[in-house]
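Keeping the supplied structure of chain A fixed, place chain B upon it in accordance with the hints.
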Amino acid sequence: MNKKFSKLSKKDQIILGLGYLLMGLFALAIIVPLIFVIIASFMDPNVLNSKGISFNVAHWSLDGYHRVLENKMIGKGFLNSILYSVSFSMLSVGVTLFAAYPLSKLDLAGRRFFNTFFVITMFFGGGLMPTYLLINKLHMVNTIWAIIVPNAVNVWNIILARTYFQSVPGELREASSVDGASDVLHFYRILMPVCKPIIAVLILWQFVGMWNSYFDAMIYLEDSWLQPLQLVLRSILIQNTPDPGMVADIQSAAEMSKLAELLKYSTIVVSSLPLLIMYPFFQKYFDSGVMVGSIKG
Amino acid sequence: MEKRKKRSKNSSSLMYIKKNWQLYVVFMMPAFLLTLVFKYLPIGGILMAFKAYNPRLGIWGSNWVGVKNFSRFISSPDFAGYLLNTLKLSIYGLLWGFPVPVILALLLNRINSKKVKKNIQLVLYAPNFISVIVLCGMVFIFLSPIGPVNKILGTSINFMTMPEAFRSIYIASGIWQGAGWASIMYTAALSNASQELTEAAIIDGADVLRQIRHVDIPAIKSIIVIQFILQAGNIMSLGFEKAYALQTSMNIPASEIIPTYVYKLGLQLGDYSFSTAVGLFNSVINVILLLMVNGIVKQFNEGEGL
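In order, the protein sequences belong to chains A and B. Residue numbers for the first sequence follow the working numbering, beginning at 1 and rising by one. Residue numbers for the second sequence follow the working numbering, beginning at 1 and rising by one.
Next up, chain A with everything else stripped away, as it sits in the complex:
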């Protein structure tokens, strides 16, 4: 689409060169802190505190990781987060795709009503306390349901899926209805396989969203055994209270605070790595799924 850089005029080269430089700096600003955290997580706590990070392998240790992996709360939080994220993304994407299907039919009776019904909730809601009282009244506090059910319907995703369904050629539906397929059959056998890219993106979305959130868990799950990873991280990283088990065997207060600092780095790496590793494999879906959806939505 664009001409080769060397063939451009001097002026264009300068402008684009400056632009690329800026973008490069931005990319560096993203990478450097991440690499810093990774290296720091492998440091010997004493060296880390006195000299900062060092590239000398002799100064490295796996101490931080040993303690993080021994920590029961992190392990439990991890499992809880997986449970919540998997069930939430399944439920939410299922319900969302279901609702998007009828809405993608232009001749649906009551289409306008249903559209308005869902869209209003994007702009107006009851707010924190009324919602909390409702969940409380339904006896959902301290259960997984409080986390996965109330936000299962995602209006934005309904709009994306609806637009995606509309871009599927109508002949497919005609053909399957000539063969006598009901809506359910058509949806399941024909539409779903065709729409794999958008489904993959929506699942990734909801999964990441749930994995990274902490607010609902903070207000609805009081039992510490139910807490997802993010709440465990919060107490270690932000409230500065590592689980006593992680640092109990250390005698002096100074040692303890050194170790607590190291633990932050290893905790960040352990908790973020799964998503960061997974994500490049999903990148190919961004192109086909998100992009089609976002342009038309």
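Treat each hint with caution, since some may be false.
List time: in silico DSBU-like cross-link candidates among lysine-lysine, alpha-carbon distance up to 30 Å [said to hold, decoys possible]:
#, chain 1, residue 1, chain 2, residue 2
1, B, 221, A, 284
2, A, 284, B, 115
3, B, 242, B, 114
4, A, 51, B, 151
5, B, 114, B, 264
6, B, 115, A, 10
7, A, 76, A, 137
8, A, 258, B, 151
9, A, 196, B, 118
10, A, 137, B, 68
11, B, 221, A, 105
12, B, 88, B, 298
13, A, 258, B, 221
14, B, 242, B, 264
15, B, 115, A, 7
16, B, 298, A, 196
17, B, 242, A, 72
18, B, 117, A, 284
19, A, 258, A, 51
20, A, 76, B, 242
21, B, 221, A, 11
22, B, 117, A, 7
23, B, 264, A, 137
24, A, 7, B, 118
25, B, 118, A, 11
26, A, 7, B, 114
27, A, 10, B, 221
28, B, 298, B, 221
29, B, 114, A, 196
30, B, 115, A, 196
31, A, 10, B, 114
32, B, 115, A, 11
33, B, 264, A, 76
34, B, 68, B, 88
35, A, 7, B, 221
36, B, 242, A, 137
37, A, 11, B, 117
38, A, 196, A, 284
What the hints contain is simulated information worked out from the structure, not anything from laboratory work.
Structure of chain B alone, referenced to chain A:
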């Protein structure tokens, strides 16, 4: 005549529903019921804002107090501060943060090598997959008195306790995390933009800036407008999660925004009615802002708004 038309329309709707009952019962029902219960029922709970809520009497049984909760908030000495914090944080955030993804997308679009482009995107999107808590944890580590930033500066400033630093920290970390990901939409739209137009512009001797101004920007203009309206409409519903996580007892003068205040009032202090009133006040301002921005944009954008 009119009536008959209406009746025939109604009966044809009924026929449609009868014929396609699966669409309603199987497909629409779950989302409809969930929305009705978890989104619409709480809207009724807003009544609480006009009552003195008493858990024993319930929302309906509690006594009416009119707009007392609202006047209590508006006349409280904290009111102006919290409102200004909320407005400043999001308006500055919008002004600084909104252009970055657009610029990133315009630059990405100018990269010829597909491989280079992919790799840069891979880096730019990565922070989006880091959680708010980890992001804030990193902010705390880097800005702590013994953290790397102070080591580089040769100082020992505790940035997280400085109210005057809070906004910059909040906004900069937001751009760090979200700008790359937000550019994805513009990038997609640009890659669909007409290549012939660009080629024609090049033949006409347009330089890069002109190509961007007359070909690239018009191609993504409608998305820019919609994004701007949506984000401006969210000014008051600023992310609770990050503001709360970055809050320390020392930076409260800048970091207490209405959403964090609502949370503390309601769930920590148990002042349900007052909390609901403050929350409602917040959403009303939000809707007003949304309508205002939509109106202004329409004026400038040939009648095109949301």
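**Message:** Let me make sure I understand: some of the numbered hints might not hold for this structure. Which ones are they, in numerical order?
**Reply:** 3, 5, 13 and 16
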